[in-house]
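There are 2 protein chains.
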Amino acid sequence: MTHSEENYIKAIFHLGMGSEDVISTNSVAERMETKPSSVTDMMKKLSAKGLVHYKKYQGVSLTPLGVKTALSIIRKHRLWEVFLVEKLDFTWDEVHEIAEQLEHIESEKLIDKLDELLNFPKFDPHGDPIPGKNGEFIERDNQLLSQIPIGSSAICVGVKDSSAVFLRFLDKNNIALGNKMKIVEKEEFDNSLRIHIDQRELNLSQQIASNLYVKMIKL
Amino acid sequence: MTHSEENYIKAIFHLGMGSEDVISTNSVAERMETKPSSVTDMMKKLSAKGLVHYKKYQGVSLTPLGVKTALSIIRKHRLWEVFLVEKLDFTWDEVHEIAEQLEHIESEKLIDKLDELLNFPKFDPHGDPIPGKNGEFIERDNQLLSQIPIGSSAICVGVKDSSAVFLRFLDKNNIALGNKMKIVEKEEFDNSLRIHIDQRELNLSQQIASNLYVKMIKL
DNA sequence: TATATAATTTAGATATAACTAAAAATATGT
DNA sequence: ACATATTTTTAGTTATATCTAAATTATATA
Numbered sequence: 001m002t003h004s005e006e007n008y009i010k011a012i013f014h015l016g017m018g019s020e021d022v023i024s025t026n027s028v029a030e031r032m033e034t035k036p037s038s039v040t041d042m043m044k045k046l047s048a049k050g051l052v053h054y055k056k057y058q059g060v061s062l063t064p065l066g067v068k069t070a071l072s073i074i075r076k077h078r079l080w081e082v083f084l085v086e087k088l089d090f091t092w093d094e095v096h097e098i099a100e101q102l103e104h105i106e107s108e109k110l111i112d113k114l115d116e117l118l119n120f121p122k123f124d125p126h127g128d129p130i131p132g133k134n135g136e137f138i139e140r141d142n143q144l145l146s147q148i149p150i151g152s153s154a155i156c157v158g159v160k161d162s163s164a165v166f167l168r169f170l171d172k173n174n175i176a177l178g179n180k181m182k183i184v185e186k187e188e189f190d191n192s193l194r195i196h197i198d199q200r201e202l203n204l205s206q207q208i209a210s211n212l213y214v215k216m217i218k219l
Numbered sequence: 001m002t003h004s005e006e007n008y009i010k011a012i013f014h015l016g017m018g019s020e021d022v023i024s025t026n027s028v029a030e031r032m033e034t035k036p037s038s039v040t041d042m043m044k045k046l047s048a049k050g051l052v053h054y055k056k057y058q059g060v061s062l063t064p065l066g067v068k069t070a071l072s073i074i075r076k077h078r079l080w081e082v083f084l085v086e087k088l089d090f091t092w093d094e095v096h097e098i099a100e101q102l103e104h105i106e107s108e109k110l111i112d113k114l115d116e117l118l119n120f121p122k123f124d125p126h127g128d129p130i131p132g133k134n135g136e137f138i139e140r141d142n143q144l145l146s147q148i149p150i151g152s153s154a155i156c157v158g159v160k161d162s163s164a165v166f167l168r169f170l171d172k173n174n175i176a177l178g179n180k181m182k183i184v185e186k187e188e189f190d191n192s193l194r195i196h197i198d199q200r201e202l203n204l205s206q207q208i209a210s211n212l213y214v215k216m217i218k219l
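Here the protein sequences line up with chains A and B, keeping their order. If you're matching positions, the first sequence starts at 1 in the numbering used here and goes up one per residue. If you're matching positions, the second sequence starts at 1 in the numbering used here and goes up one per residue.
A portion of the hints provided could be inaccurate.
A pair holds if it fits inside one copy or across any two, identical chains being indistinguishable in the list.
Computed list of lysine-lysine pairs in DSBU-like fashion (alpha-carbon distance at most 35 Å, straight line) [said to hold, decoys possible]:
hint, residue 1, residue 2
1, LYS113, LYS87
2, LYS109, LYS180
3, LYS113, LYS56
4, LYS215, LYS55
5, LYS49, LYS172
6, LYS68, LYS87
7, LYS10, LYS215
8, LYS35, LYS49
9, LYS218, LYS113
10, LYS182, LYS109
11, LYS172, LYS109
12, LYS215, LYS45
13, LYS49, LYS133
14, LYS160, LYS113
These are computed hints drawn from the structure, not numbers from a lab.
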């Protein structure tokens, strides 16, 4: 498989949120930053290889083989991200682009050894689950901070938006995965939240709160 | 730079043994396993980019910028090889092909951090020197075992041929970098050597002996 | 339901990196 | 020094991955 083919497979997987959902040509084009006509060409090729189901004007979906392929690429991407953070002291906002390159390295043994070196991590630095050799993975708690009732406590388990700007904002405010927080109050006017975290009071906009995955805890 | 361009630069560098020697189109084609006509095309491109000096029918040589580029790729290749052996327990005959892929990953920070993780190694698993950030490197002792006088002792510091077959042969015979050996006798008939290594007597053909770099030692 | 709008595909073009076959330049041998 | 052999280049072709512009199909609306 070429890098380009792998990137298309990954895009379709993410757009369908990991299922075999049907995805439109335009949405793939948008995500890949290419033109729809380029997508059409590629879909024909991927279809010929048995990685996607594709019928003209009807959109695409991954075949089981396509899903397996996507999971393998995502496994590589996320393991490399863990490596960069854990072994090379990169920050979580720096790893995506390098992992985008590293995910295309072909060697199953390399990935299995890396997995072992890192002690078989189940989540990447952004809290996203890392598929195992056979595609299995632990579902992350997918509740957003914005959906949690006032007064409850939660632990931060992931980010929905993993753009560098958002991640650096979190760093600046000392919000990291594993942090415990308590929702003190919700401002009716703009839906912002006042939370208690790390002995501090912090105000988070609705936009922030709806990009943080949390797991509710009892105190 | 594309992967292909990088591979050509590396090929020219190795054929010229690291200098700015003039290299023929055919020899590049042979090393790259492509046709001479493909080489001609690429030389025009590399020349336009200021990486090689190229005049029709006159062969190519690297410019100073070309040499710098080559050293940077070789630095990456060799650091990754050390990583694979030291951190992921690969054997020295397995690392070349994976490093061939990893050497094209673009991130200066990644390489510098890797260098640090590995404790700034000066030689790769085959005894080849690893250029530093600025292209500087320690010349390895380039005497071959076949050139050493009978009766002298030496330490194994590298391999000239780093093909998997040769490396596995050395493994089978417990010859590794760092091993001390003494040349007991040279057989006139076929120039094979009887050496004393690791409390054993071993017979090495002229071909083997002329692919092992050693450093002479006094006892 | 006819028509307009949006989405998608086709056709034809470009750039990269390879190839083959033929032409041109250089090198070699008698 | 000339003919031959070798090397190298040119010209034209192929495959990948992209693009633009035009044509086609689907959908949404009046």
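Each hint, compared with the structure:
Taking the closest pair of Cα atoms, LYS113 and LYS87 come within 35 Å of each other both inside a single copy (14 Å) and across two copies (9 Å). For a Cα distance limit of 35 Å, the shortest separation of LYS109 from LYS180 across copies, 32 Å, qualifies, whereas the shortest one inside one copy, 37 Å, does not. Within a single copy, LYS113 and LYS56 get their C-alpha atoms no closer than 42 Å, and across copies no closer than 48 Å, so neither meets the 35 Å cut-off. For the homomeric pair LYS215 and LYS55, neither the shortest alpha-carbon distance inside one copy (40 Å) nor that between copies (67 Å) is at most 35 Å.
In this assembly of identical chains, the alpha carbons of LYS49 and LYS172 never lie at most 35 Å apart, being 46 Å within a copy and 42 Å across copies at closest. In this homomeric assembly, LYS68 and LYS87 come within 35 Å of each other (Cα to Cα) both inside a single copy, at 28 Å, and across copies, at 28 Å. When the C-alpha separation of LYS10 and LYS215 is checked against a cutoff of 35 Å, the pair qualifies only within one copy, where the shortest distance is 27 Å, while the shortest distance between copies is 51 Å. In this assembly of identical chains, LYS35 and LYS49 lie within 35 Å of each other by CA distance both inside one copy and across copies; the values are 22 Å within and 30 Å between.
Neither within a single protomer nor between protomers do LYS218 and LYS113 lie at most 35 Å apart by alpha-carbon distance, with minima of 38 Å and 41 Å respectively. Neither within a single protomer nor between protomers do LYS182 and LYS109 lie at most 35 Å apart by alpha-carbon distance, with minima of 43 Å and 38 Å respectively. For a Cα distance limit of 35 Å, the shortest separation of LYS172 from LYS109 across copies, 22 Å, qualifies, whereas the shortest one inside one copy, 38 Å, does not. In this homomeric assembly, LYS215 and LYS45 never come within 35 Å of each other (Cα to Cα): the closest approach is 41 Å inside a single copy and 55 Å across copies.
Taking CA atoms no more than 35 Å apart as the test, LYS49 paired with LYS133 passes inside one copy only; the shortest distance there is 22 Å, against 43 Å between copies. Both within a single protomer and between protomers do LYS160 and LYS113 lie at most 35 Å apart by alpha-carbon distance, with minima of 29 Å and 28 Å respectively.
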